[in-house]
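There are 2 protein chains.
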Amino acid sequence: MKKVIIASTSTVFGGTYLDYLLPTLAEHFATVSNLIFIPFARPGGITHEEYTEKIKPVFQQLNINVKGIHEFENPIEAITNAEAIFTGGGNTFVLVDMLYKYNLLDAIQHAVENGVPYLGTSAGSNICGLTMGTTNDMPIVYPPSFRTLGLVSFNLNPHYLDPIEGLEHMGETRETRIKEFHHYNPQSVLGLREGSWLEVVDSKITLKGNLSARLFQQGKAPVELETGSDLSDLR
Amino acid sequence: MKKVIIASTSTVFGGTYLDYLLPTLAEHFATVSNLIFIPFARPGGITHEEYTEKIKPVFQQLNINVKGIHEFENPIEAITNAEAIFTGGGNTFVLVDMLYKYNLLDAIQHAVENGVPYLGTSAGSNICGLTMGTTNDMPIVYPPSFRTLGLVSFNLNPHYLDPIEGLEHMGETRETRIKEFHHYNPQSVLGLREGSWLEVVDSKITLKGNLSARLFQQGKAPVELETGSDLSDLR
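Those protein sequence lines, which keep their order, are chains A and B.
Read left to right, the first sequence gives residues 7 to 241 (our numbering).
Read left to right, the second sequence gives residues 7 to 241 (our numbering).
Everything labelled a hint here was simulated from the structure, so no lab data went into it.
The list makes no distinction among identical chains, and a pair is therefore deemed to hold if it is satisfied within one copy or across any two copies.
Simulated pairs of lysine-lysine, BS3-like, Cα-Cα distance not exceeding 25 Å:
no.	residue 1	residue 2
1	9	62
2	107	185
3	8	210
4	60	185
5	8	214
6	62	73
7	226	214
8	107	73
9	226	210
10	8	73
11	9	210
Construct all of the structure, not just a fragment, from the sequences and the given hints.
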């Protein structure tokens, strides 16, 4: 049974790392004792070791042992034998570049399709879409492709940000950027606000959390989707 | 004589298109009757024709005739014979992809080195740096490379944005993103606030406009540079 959680962010304002998701994760990883963490996105440039150490205490609360993918001699084999996978946030370009470098995209995709529960936050959620083409990150490295896992049949925009009232900055709003995306790409884009996540159980996709999400489709006006919405048929 | 203006934005808050730069452009393009516009960045997805029509009235005020690069049968030849070049803002990925598609990067670089005055705004300024790796834009298409014109020996971050006081959004600040860039890239990055521009005359690079700019260098704390600063030796 495919089990995926695609979260907009690891941390909501005023909260601690993953605290708002902890009850959900207890259920999501109920049968899991060992989890493989993918620290490749390196938020703020921290090392793989530092990042892995940072997340360990969170999973200790769930009695789950964490090992970083960088600790394995054969990362593909590690993913193939994984009980659970968590890809953390940071820079999506760096993350995707590393996943290609270690040839891990197909391995993760197969593992998840075979029922290994997956958690993604931020950059780790971006890669659940068809491409990383709707990331907010800076292109600090050049990955071999923008194609990602395709665990859902659309694209994600984590940390979705509404236009800020009164801001005198002339850079594009998030909505303008996604509109530009649709001049070149057909797939829907889901803007996930911080505190929202998608729950994927087999072919069923549900919007969770307290907030609505913003759906962008080519040639259509954007719409707000209430929490609890069924997104299984979204393409 | 190399003559380049690298502007953070085409439009400052409350202003009209290029109005704040008009006296500067009158001087920069003093001997120019015909200008080639590169509309490839397509802000908001507008067509090359629409974008070119939009900028014509501005240059009419300077008695300069504008033709879009898309109107030429041989774009490389057009650039080689150009009197002046202006690359407008929009999406940097789309712009760079098109410049590679038409094999124009070297042609523009040679023209500018040979004295053809160049103006860039926003995405058109990003490409003046060594790479487009510090753009703020969304990666809506996959260009063949991130290498750009290298008219200056560092990278640009146009529309530089200071952290917004009181914002509860957890996405990375611009400063964090540029710090992450320096984990993978050695070159300096100049954060150009809206209303600032660089003036390049031969090997002399000067910060212009009313605002300071923020300089990021690998392994150093960022510093503020006052307007009028000489950046000729920046690498």
